[in-house]
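Every position in the sequence shown, counted from 1, becomes a number in this note's numbering once 7 is added.
Hints in this document: simulated from the structure, not taken from any laboratory.
No incorrect hints appear here.
The calculated label-pair distances, taken between Cβ atoms and stated as ranges, are:
| no. | residue 1 | residue 2 | range |
| --- | --- | --- | --- |
| 1 | V49 | V17 | 43 to 53 Å |
| 2 | L51 | L31 | 22 to 32 Å |
| 3 | V45 | R80 | 41 to 51 Å |
| 4 | L55 | A20 | 45 to 55 Å |
| 5 | E9 | L47 | 47 to 57 Å |
The beta-carbon is built from N, C-alpha and C at its ideal position, and this holds for glycine as well.
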Amino acid sequence: MERFSRILAVLLATFLVVPLAVLLAVLLTMLLVVLLAVLLAVPLAVLLGKHMTLTVHGSDFPSGGRRLAPRRRHRQD
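Build out the structure end to end from the sequences listed, making use of the hints.
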């Protein structure tokens with residue numbers, strides 16, 4: 008009986024505990040990478056925003072956005 012419980016403990020550790028630990032490690036790593044990316048992206052965007060003026064709306068497009076098709080002129084007969 009003792010041998011059976013030892014085998015059961017090894018199987019349980021192999022097929023339940025180890026995959027859960029690996030899954031937890033992967034999820035924590037992904038969370039850390041996303042957190043670092045967000046924390047680094049904000050100051051980087053502020054620094055780059057001072058040097059680069061890339062505007063889609065504003066003075067480049069007086070209508071407030073890109074025009075997909077040219078305006079049709081009404082005929083004056």
